[in-house]
Structures are given as C-alpha cells and as structure tokens.
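Novice: Here the sequence shown is numbered in numbering that gives the first Met the number 0, starting from 0 and rising by one per residue.
Hint data in this document are derived by calculation from the structure and do not stem from the laboratory. On a predicted model such as this, the values are computed, not experimentally measured, just so you know. For every residue, glycine included, the Cβ atom is placed at its ideal position computed from N, Cα and C. Do not rely on the hints blindly, as some may be mistaken.
With beta-carbon atoms standing in for the labels, derived distance ranges [claimed, not checked]:
1. D169 - Y78: 29 to 35 angstroms
2. I45 - D169: 33 to 39 angstroms
3. T176 - S199: 23 to 29 angstroms
4. E180 - G73: 23 to 29 angstroms
5. Q158 - G122: 20 to 26 angstroms
6. N194 - D160: 41 to 47 angstroms
7. G73 - V126: 17 to 23 angstroms
8. G73 - F188: 39 to 45 angstroms
9. E140 - D169: 29 to 35 angstroms
Straight-line Cα separation of at most 30 angstroms, DSSO-like style, residue types lysine-lysine; simulated pairs [stated by the list, open to error]:
10. K172 - K74
11. K74 - K159
12. K178 - K50
13. K92 - K159
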Amino acid sequence: MKLKSMMGMALLAAAASVLAWGGWALYRERYPSWYEEVRLSDGRIITIHQKRSYHSHYGTLQSWVTINLPELGGKRVWYSRLRPQRVDVVDGKVYVFGKPAGITKNQYYRYPKNFMVGFVWNGADFVRIPFLSIPERAREEENIYPCIYTQLSLLTIQQKDMQWCPITGDRWKFGKTIKLEDYQALANFYAGLDNGTTHSD
Numbered sequence: 000m001k002l003k004s005m006m007g008m009a010l011l012a013a014a015a016s017v018l019a020w021g022g023w024a025l026y027r028e029r030y031p032s033w034y035e036e037v038r039l040s041d042g043r044i045i046t047i048h049q050k051r052s053y054h055s056h057y058g059t060l061q062s063w064v065t066i067n068l069p070e071l072g073g074k075r076v077w078y079s080r081l082r083p084q085r086v087d088v089v090d091g092k093v094y095v096f097g098k099p100a101g102i103t104k105n106q107y108y109r110y111p112k113n114f115m116v117g118f119v120w121n122g123a124d125f126v127r128i129p130f131l132s133i134p135e136r137a138r139e140e141e142n143i144y145p146c147i148y149t150q151l152s153l154l155t156i157q158q159k160d161m162q163w164c165p166i167t168g169d170r171w172k173f174g175k176t177i178k179l180e181d182y183q184a185l186a187n188f189y190a191g192l193d194n195g196t197t198h199s200d
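The task is simple: from the sequences and hints, build the whole structure.
Specialist: Here it is as structure tokens:
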C-alpha cells in the first residue's frame with residue numbers, strides 16, 4: 000500500500016513537472032525575452048534586454064527594451080507597440096525607434112509618414128519625435144535584433160554581425176540597412192488599405 004502511495008505521489012510530481020514545463024514554454028513563446036549586445040554609432044557596445052508580446056500570426060504586439068546608459072542615468076525601459084529597430088546616442092541624446100506591425104498598430108501611431116516611429120529621452124521618459132529629426136547616422140541601419148531570438152544565451156555582436164534577420168518584403172525590401180524610400184512607400188500602402196493618408200511624423 001505504501002509503495003502504491005509513493006508511486007502515486009511520484010506520478011503526480013512528474014505530471015506537475017510536465018505541466019510546469021509546458022506552461023513555461025507557452026509563456027516563453029508568447030513573451031519571448033533575451034539579452035543582446037548592441038553597437039552604438041560612437042563605437043560603444045552595450046547589453047540590452049528585449050521582451051516582446053508576440054503572436055505567431057500578427058508578430059510583435061508590444062515590446063519592452065531595457066537600456067542601461069549613463070545618458071539615461073542608469074537602466075530605463077522603453078515600452079512601445081512597435082518592433083524595436085535601434086537605440087543610439089548622438090550628442091548626448093538617446094534615441095530609439097521601431098516599426099509597427101499591421102494596420103491596427105499603424106492606426107495607433109496615426110499612420111507615420113516614414114513608417115518608423117522615433118523617440119528621444121527627455122530626462123524623464125521616451126517621448127515621440129518626428130522620425131527625420133533623429134540624426135541621420137542614427138537611422139541608417141538597425142542595431143536591435145528585430146527577429147525573435149529563442150536561445151537562452153546572450154546574443155552577441157559577433158553572432159549579429161555574422162547573420163542578421165532575413166530580408167523581408169516583396170515589392171519593397173527591408174533588411175538591416177534602412178532604405179527610407181521603401182519604408183515611405185510601405186507607409187503609403189498601409190494608409191491606403193484603411194482609406195487614410197500618412198499624416199504623423
């Protein structure tokens with residue numbers, strides 16, 4: 000009887016372990032997160048933390064990027080409904096930007112003219128600014144990994160330099176290098192789907 004009881008407890012423990020693992024795996028799929036190294040335009044390499052709210056059919060719904068810089072006074076979290084593309088520092092100012100996924104997020108950001116949405120740290124928060132007011136050298140290419148990284152290890156500069164996310168797009172091409180005219184064309188396309196016009200900076 001005692002043996003049966005012990006076996007029953009062992010089975011329950013095994014089942015609980017499987018359920019816990021399954022729950023953790025589902026959470027990781029829905030909210031993937033990782034640490035990665037990022038190279039700034041001034042040559043510094045910093046480590047950021049990315050967390051996404053992600054859906055396999057819709058892409059990134061929300062994102063949280065934790066950035067630790069002296070210009071920020073320590074660790075700060077940039078929250079957005081965008082897929083993050085870059086963080087940089089120019090003349091002591093911290094800039095970040097990303098791109099929306101789908102019509103709903105384009106509506107939320109009022110159909111940005113350049114498709115991408117920029118922010119600057121004002122000493123208290125990341126506030127939205129016209130995208131083209133970000134210095135040109137800070138918007139020439141992505142430095143935040145835009146794909147979902149599924150490994151538990153740090154995503155290093157060496158890994159990112161060797162292999163970036165695949166180029167996407169059919170009519171227009173989107174890769175690590177930012178081609179502004181392609182993004183502007185995509186912005187017009189999305190606005191047209193909703194009978195809107197691009198009007199926010």
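Novice: Looking back at the numbered hints, which does the structure fail to meet, lowest number first?
Specialist: 4, 5, 9 and 10
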